[in-house]
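**Student:** Sequence:
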Amino acid sequence: MQTQNPFFDDLARMAGGALGALSGLKAEIETLVRQQFERVMAGADMVPRDEFEAVRALAIKARSEQEDLEVRVAALEAKLAELGAAKE
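Count the sequence shown with the working numbering and you get residues -14 to 73, in order.
Bear in mind the hints are in silico, worked out from the structure with no lab data behind them. Where is the CB? At the ideal position from N, CA and C, for every residue including glycine. Hints should not be assumed to be uniformly reliable.
[Stated by the list, open to error] Pair by pair, the computed Cβ-Cβ distance ranges are:
id : residue 1 : residue 2 : range
1  : A63       : R34       : 29 to 37 Å
2  : M31       : R(-2)     : 45 to 53 Å
3  : S49       : G9        : 50 to 58 Å
4  : L68       : A39       : 26 to 34 Å
5  : Q21       : L61       : 57 to 65 Å
6  : E36       : R(-2)     : 30 to 38 Å
7  : R34       : A6        : 52 to 60 Å
8  : R(-2)     : R41       : 58 to 66 Å
9  : M31       : D(-6)     : 31 to 39 Å
10 : K46       : A71       : 36 to 44 Å
11 : T16       : L54       : 48 to 56 Å
12 : R19       : K46       : 52 to 60 Å
13 : K64       : L43       : 25 to 33 Å
14 : A(-3)     : D35       : 49 to 57 Å
When you get a sec, could you build the whole thing from the sequences and use the hints?
**Tutor:** The following block contains the structure:
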């Protein structure tokens, strides 16, 4: 749409150029923030989720086995106490 006043045409062109520059700036800022976040996370010495879940599963299994062994030891101690009492 052409107007008779070149001032408004120039103003519209400048506004369109400014909007294009702002959208480019937004994309650049998003990229920089993402890169900075990735650098911080890499330096945080964090483990990946799958490794964490694997170690967690091992810990749960070890805890279960420990509880089973505690029950077995208690049963053996009771049996030893029984045998000791029977000898006396």
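**Student:** Each of the hints needs a verdict: does it hold here or not?
**Tutor:** Verification of the hints:
1. Checked against the hint of 29 to 37 Å, the pair A63 and R34 fails, with Cβ atoms roughly 44 Å apart.
2. Remark: the range hint 45 to 53 Å for M31 to R(-2) is upheld by a beta-carbon distance near 49 Å.
3. Separated by about 57 Å at the C-beta atoms, S49 and G9 satisfy the suggested range of 50 to 58 Å.
4. Our hint of 26 to 34 Å for L68 and A39 is violated, since their Cβ atoms are close to 43 Å apart.
5. A C-beta distance of roughly 59 Å is found between Q21 and L61, which places it inside the suggested range of 57 to 65 Å.
6. For the pair E36 and R(-2), the supplied restraint of 30 to 38 Å is violated, since their beta-carbon distance comes to about 55 Å.
7. Range check, R34 to A6: about 39 Å between beta-carbon atoms, so the 52 to 60 Å window is missed.
8. A C-beta distance of roughly 60 Å is found between R(-2) and R41, which places it inside the suggested range of 58 to 66 Å.
9. Here the CB-CB span from M31 to D(-6) is close to 55 Å, at odds with the stated 31 to 39 Å.
10. Separation of K46 from A71 is about 38 Å and conforms to the stated range, judged on CB atoms against 36 to 44 Å.
11. A hinted range of 48 to 56 Å holds for the C-beta pair T16 and L54, which are about 54 Å apart.
12. Distance hint for R19 and K46: a CB-CB separation of about 38 Å, inconsistent with the stated range 52 to 60 Å.
13. For the pair K64 and L43, the beta carbons lie near 31 Å from each other, so the given range of 25 to 33 Å is met.
14. Against the hinted window of 49 to 57 Å, the Cβ-Cβ separation of A(-3) and D35 comes to about 54 Å, which satisfies the hint.
Comparing the model with each earlier hint shows violations of hints 1, 4, 6, 7, 9, 12; every other hint is respected.
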